[in-house]
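Novice: Below, each chain spelled out in residue letters.
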Amino acid sequence: MRDVDMTLLRRNLKLTPQQRIDQLAEMQRFAAALAEAGRKARARR
Amino acid sequence: MTDYQKALQTLRDGQVRFIVIGGVAATAHGSTQLTNDLDVVYARSTEDIAHLAAALAPHSPYLRGVPAGLPFKFDAPTIKRGLNFTLDTDFGPLDLLGEVTGGGGYDVLLPHTVSLDLFGGPCLCVDLPMLIRLKRAAGRPKDILALAELEALLAASNE
Chain A
46 MRDVDMTLLR
56 RNLKLTPQQR
66 IDQLAEMQRF
76 AAALAEAGRK
86 ARARR
Chain B
255 MTDYQKALQT
265 LRDGQVRFIV
275 IGGVAATAHG
285 STQLTNDLDV
295 VYARSTEDIA
305 HLAAALAPHS
315 PYLRGVPAGL
325 PFKFDAPTIK
335 RGLNFTLDTD
345 FGPLDLLGEV
355 TGGGGYDVLL
365 PHTVSLDLFG
375 GPCLCVDLPM
385 LIRLKRAAGR
395 PKDILALAEL
405 EALLAASNE
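Going down the list, the protein sequences come from chains A and B. Our numbering runs 45 ahead of the 1-based position in the first sequence. Our numbering runs 254 ahead of the 1-based position in the second sequence.
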């Protein structure tokens, strides 16, 4: 498939559905931490 | 963001009949896309609606994006009068859909589900071909973006 990173999908397919949901929650926490860091950096300017 | 464990256990413990759709279903099938809420299609019999109202009552359900203080009560009459609800709860955003574009209600979707073991129990999740159909029917830019990956997942799972 063009424009789809099959390496990431194949890696995900080796995980259980539970592990995939856990990974999603971890990514969300990381994204929230990045957003918070961005907010703090803008406030310091 | 949604606490998926708490959300799914709340619905399951409350004997709510529901099917996970949307981004979390895509994740469960292997998608790499980030999603921020939980979308479920819920059954709408009188008994199901009573179970749903009772299950969510302790979790402060309130309409998402609506100013605080409105006389909104997520009880059985409200659920019966309405259909689709986008809520904030104390475990995060939860979208409760009585019907979904391209898929209909709970009973229509039920034959197109798989039972996944999530957070220590079974959880019905829409299957990949139906998820693709729902995304295509929804047709929003984010759904269109997700389609290529879901179709690649379907192809990979059939290899």
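No lab work stands behind these hints: they were computed from the structure. Careful, some of the hints might be misleading.
[Stated by the list, open to error] Straight-line C-alpha distance at most 30 Å; calculated DSS-like pairs for lysine-lysine:
#	chain 1	residue 1	chain 2	residue 2
1	B	Lys396	A	Lys85
2	B	Lys327	B	Lys260
3	B	Lys327	A	Lys59
4	A	Lys59	B	Lys260
[Said to hold, decoys possible] Some residues of chain A that are not near chain B, with every Cβ distance over 12 Å (derived):
#	residue
5	Pro62
6	Ala77
7	Arg84
8	Ala86
9	Arg89
Ideal Cβ positions, reconstructed from N, Cα and C, are used throughout, including at glycine.
Novice: What hints, given by number in increasing order, does this structure fail?
Specialist: Per hint list: 3, 5 and 6 violated.
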